[in-house]
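Participant: Listed below, chain by chain, are the residues.
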Amino acid sequence: MKWRGWLSRWVPGFPGIILIVVLLTVNIILSGTMISLGSINDLVQVGMPLAVATLGQGLVIIQGGIDLSIGGIMSLANVLIVVLLPTLGFWPALLVAMATSVVAGLINGVVIVYGRVQPLVATLAMSFVASGVALSLLPQPGGSVATGVGVYMGTFLGFSTGIWVLVVLLLLWLVVKRFFGLAIYATGGQEHAAQRNAVNVNRVHLWAYTLSGLIAGLAGLAVTLEIASGDASIGASYVLPSVAAVVLGGTSLAGGSGGLVGPVMAAFALTEVSNVVFSTGVSSYYQTIVSSAVVILGLAVANIVKRRSSLLRQS
Amino acid sequence: MLEVRNLAKTYGAVVAVQDASLALTPGEIHALVGANGSGKSTVIKVLSGVVRPDRGSIRWNGAVINVASPRDARRHGIATAFQDFSLIPTLSSVENCALATRQPAKVVARWLDEALDGLGARFDVWAPVETLTVNHRMVLEFVKALAQNPQVLILDEITAALDQEQVDCLFGRVREQMSRRPVAVLVVTHRLSEVLQYCDRVTVMRDGRTVSEHPVTELSRTRLAELIVGEAEGSGSMDHAGTAPPVGEPHVAELVQVSGRHRVSDVTLAVRRQEVVGVSGLQGQGQDELLSLAALFDHPKKGEIRIHRRAEGESEGGRRTIVPRVSQREIARTVGYVSGDRAHRGVFYRRSLTDNLFAQAYAMQGMFSWISLSRITRQTREILERLHIQGHPEQRIETLSGGNQQRVIFGRLLLNPFTFVVLDDPTLGVDIHSRRAIHQLIRAHREGGTLVYSSDNDELIELCHRVAVMFEGRIVEEFTDHELTTSTLGHAMLGRTVQGRETR
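So the sequence lines, in the order shown, correspond to chains W and C.
For the first sequence, the working numbering assigns the number 8 to the initial residue and increments by one for each residue that follows.
For the second sequence, the working numbering assigns the number 2 to the initial residue and increments by one for each residue that follows.
In short, the hints are calculated from the structure, not lab data.
Quantities reported herein were computed from a predicted structural model and do not represent experimental measurements.
Among these hints, one or two may not hold up.
To be verified - Just some of the chain C residues that point at chain W, by a computed CB distance under 10 Å:
no.	residue
1	R72
2	D73
3	A74
4	F83
5	S87
6	T91
7	V130
8	Q380
Quick reminder that beta carbons are idealized off the backbone N, C-alpha and C, glycines included.
Can you make the complete structure from the sequences, with help from the hints?
Facilitator: Below is the structure:
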């Protein structure tokens, strides 16, 4: 009895994990070399911005919403760091960027909770505002952040610093889950039932969007360290992939179920898809088509697995 | 002691509770009884902080307490098991209890299995609640409320889906809890035997008012039923349809030993042309399913449904029988349907009066057929005039009052000579004036027969030639003519409940 319940709770997260394993294997076969720590570190570094963005997106989706402003906030954080770096130095610039991201997230929350605006609309508006501000601060891509890259490129116990950042973030999620987790899931699962259980759903929404803002800021940091310069439109390409990664990781868009480990795995899988497609030598014109097809296939498989596991439960 | 004084609550134009007062004593099980729509649920919702009252106060040992939200209710030690649940469907049973009791899931897992087992419910406590049966959810909802270790425990019709043995265990568990701590318990139920068997006091509600309070020992089953029906006040009889039932007319709809997928089992019912047949019963006895079967929305699991209609262009003699599996268009042309649940089943709020009136007609026309705007606008004007509604055809329907909206929806029945009309609580939340107008429309429907469900027995008596009373999916009794009174209906609804319990 018990293992079935346990299984049904974890199985939905598997597709992301399975997909990443399959893709790594395919990559090994295609490139003909054994998998190395170095290649994993590379993957982590390239996939880091999306993985972090997915954490925030997953949190918001689980509590019953969606955050389309992640990209805008990422761009804004990136531009703030680059623009402020020469005058303030790295850490103060970072602090300003993160504070701005938090405020943006908080505004999302306030508009959604107290303004009763749909999350989709509110966060889309915020995404325009944030990228607009970013663009006015840095109309042309440029600048550099050489000082920070050193920290990021370093390794600790053989793994890149990026992995450790991710581990810390996931641990943080577990802590959040321990204390707020049920309230987050309850709010996303069925808001009025959550209210009847004396959950302060407004506070849950506010916290979720604020945290998502902060995490988007961190994703902006990750992308800054990766490209080592500023670009006011860099975040846009992470918005929909972050939603796709959440779904691919077994977390339903309807909210109230799933977790964040699966989505983060799926985020890396999405990055790895491009790697694999690249190493097969597909023309760059067709890369997007092929990787999108892989995503759709992954989603279909995820759904079938999910339905199977619920059949298992009923038997 | 928890006291409720002079509570009142209206939803828009509908008065749910006019004046309710109630006193709960720790160590007592107090029953709140009343017919459908007498306001019990609203009282419960106010006590648990889900709904804020317009007037009235709640006192705890004489001091006024503010229960403006479920969080306030919780702070004052009030726990409620809701009829419509307070479970999160995506979470497991363990997590739901952990959420309610603020205990860690591991701790909950230790006692939950045992607690459920004691109430005859064995299932995987780690499976999401959305996969559980209604019976299991009910038990879980109760266990969850009890686990909060409340000072005031409210049970809102949670025995409806339980069997006798489970009900027994449930009240045993409540008594056990009361022996440990003086809990004040409030039980809402339709089952009179439950009141007499397990409860100490009873408060009766009628038409949004609490009318009397009695120790259960002073009451007999009949007396309790009388109090609920309220027959002591009037003679209990009302004018019904006024016209004689159409004996010689042909049948327009026949349900032969029909069973549905959910509650309805082995129902046989026929409606003649020009006849108005009512369906009555306590909430959730299968009336809604019967109606959607009769309106051909659902296919029956067993049995046969036949709708007869005059073949096109033919006179009296030639009749055509349609059964559920004919085309949607044919069904839409033959069977009319109006629901009182305007928000979900009737009105397109943001569309014009014309669109709302012709919604069904559009569908019947087929997707690419030509519709003359000037013709339907003219027709809309005519119908609005006939219905005595002040309004412009292009006006949005949401600008009308609830009663006028419903009359526009009834206008659909004037567009087409339906042979069979199904009405699901047609005057729900409608003002008295519109209600009268709608009743006239129903009576004036001479081309076909009508099947109507109403949560209000008086309405059925006024409207119908014949009323069938349902209990647990079956038709248990039918009344016509002078047998059709408030008291016979009330007794059949409640009396059957009593008998139903006894024969188990």
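Participant: Give a verdict on every hint.
Facilitator: Right, here's what the structure says about each hint:
1. Interface hint status for C:R72: upheld, as the beta-carbon distance to the closest one in chain W is roughly 4 Å, under 10 Å.
2. At a threshold of 10 Å, the smallest CB-CB gap from C:D73 to chain W is about 9 Å, leaving the interface hint in force.
3. Residue-level restraint check for C:A74 holds (minimum Cβ-Cβ distance to chain W is 8 Å; threshold 10 Å).
4. Look at C:F83: its Cβ gets to within about 7 Å of chain W, closer than 10 Å, so that hint holds up.
5. Interface restraint check for C:S87: the shortest CB-CB distance to chain W comes to about 4 Å, inside 10 Å, so the restraint holds.
6. A cut of 10 Å between beta carbons decides the hint on C:T91: the least distance to chain W is about 4 Å, and the hint holds.
7. Annotation: interface hint on C:V130 holds; nearest CB of chain W at approximately 9 Å, less than 10 Å.
8. With 10 Å as the threshold, the beta carbon of C:Q380 stays out of range of chain W, its nearest partner Cβ sitting at about 38 Å, so the hint is violated.
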